[in-house]
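My request is simple: use the sequences and hints to build the entire structure.
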Amino acid sequence: MSGAAGSAGAGNGGGSQPVGIVLVSHSSAVATAVAELARGLAGGGDLAPVLPAGGTPDGGLGTSSELICAAAKGVDRGAGVAILVDLGSAVLTVKALLAEGDDLPESSRLVDAPFVEGAVAALVTASAGGDLDAVAAAASEAYAYRKE
Amino acid sequence: MGIDMTGTFGADFLVRWLAAVAEAVDREAEHLTELDSAIGDADHGANLTRGFAAVTETLAKEPPATPGAVLASAGRQLISTVGGASGPLYGTLLRRTGKTLGDGDRVTREQLAEALGSGVAAVAQLGGAQVGDKTMLDALVPAVQGLRESFAAARAAAEEGALATVPLRARKGRASYLGERSVGHQDPGATSSALLFAALDETALAEAGRTEGAS
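As given, the protein sequences belong to chains A and B, one line each in that order. Letter 140 of the first sequence, counting from 1, is numbered 140 in my numbering, and no numbers are missing. Letter 11 of the second sequence, counting from 1, is numbered 11 in my numbering, and no numbers are missing.
Hints were generated in silico from the structure; no laboratory data involved. A portion of the hints provided could be inaccurate.
To be verified - Reference excerpt, derived from the structure (chain A facing chain B, CB under 7 Å, subset only): (1) Thr-63; (2) Ser-65; (3) Thr-93; (4) Ala-96.
Since the model is a prediction, treat every value here as computed from it, not as a measurement. For glycine and all other residues, C-beta sits at the position ideal for the given N, C-alpha and C.
Dropping the structure here:
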């Protein structure tokens with residue numbers, strides 16, 4: 001969280017596996033597009049795994065614990081999973097799942113960050129080898145970027 | 001075996017309660033959705049109907065042995081099937097209540113009130129809300145207080161609490177975006193919470209009838 005942690009490699013613990021990222025939105029289209037945007041903006045090289053978990057399994061708007069858990073398992077490489085959420089039931093569902101303790105991979109973490117900017121920051125940091133703390137910090141720091 | 005001579009309840013009583021809740025939310029689904037369309041996203045009735053239907057189905061298929069396990073199972077089902085904020089909120093309420101009850105075979109009303117108190121505290125923590133924010137807590141908190149006295153008192157307190165949300169301004173969830181425009185509408189979450197305690201009272205009354213009939 002310190003200013004010195006600004007470089008992309010901050011927090012790289014030397015582990016070879018990247019942190020995974022899950023993007024939870026009420027809308028499948030939003031989650032998928034933000035994942036695509038983050039991949040596009042994160043640039044070349046090997047990217048850390050990122051998966052969308054948007055909407056309900058039947059394609060409606062809402063939050064699905066089933067899709068969240070599946071995405072988290074899909075990106076888990078053993079280095080932790082950063083979960084970014086949009087609002088309302090997405091926040092509450094992830095919090096409730098973390099409290100439950102056995103449906104999400106161990107060392108999954110709800111990251112307090114703006115959804116779009118946080119996703120980009122998280123993916124860049126995770127792809128550069130940042131550990132879960134560094135990924136979470138980078139995503140949260142996106143709140144500090146003022147637009148006017 | 002619902003209520004025995006000493007006034008304790010077994011797992012079967014909790015299963016009947018949740019079945020009664022499923023019936024009540026199904027019956028009131030249209031009303032809940034109507035309230036939710038005024039200040040929310042008009043899915044409360046459908047979401048709870050789907051959630052509690054899944055709860056009763058699972059309980060019928062794999063009936064847990066203890067009251068605590070019944071509520072923990074119901075909580076898990078709600079979190080995984082509802083799809084809206086009411087899923088993790090009601091899911092957390094029941095799961096935490098079940099956890100607090102532990103693995104005893106039978107519980108008293110007082111123990112249930114105590115455990116529900118911990119469940120309500122977990123809901124408040126999860127949603128970051130407090131009484132007066134125009135949420136389900138406005139019904140749940142007085143209901144748990146009432147339950148220390150009787151099932152009927154819990155029901156009355158919950159219904160009163162739900163009605164008392166009408167003049168409140170929403171401070172949590174989607175309704176809070178409406179600011180002053182949320183005033184004048186009854187909160188859908190407080191309304192469904194009152195259904196839970198109405199169903200609990202009805203289940204207890206039916207149970208007392210069964211016991212008398214049997215003795």
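List of violated hint numbers, smallest to largest:
Violated hints: none; all satisfied.
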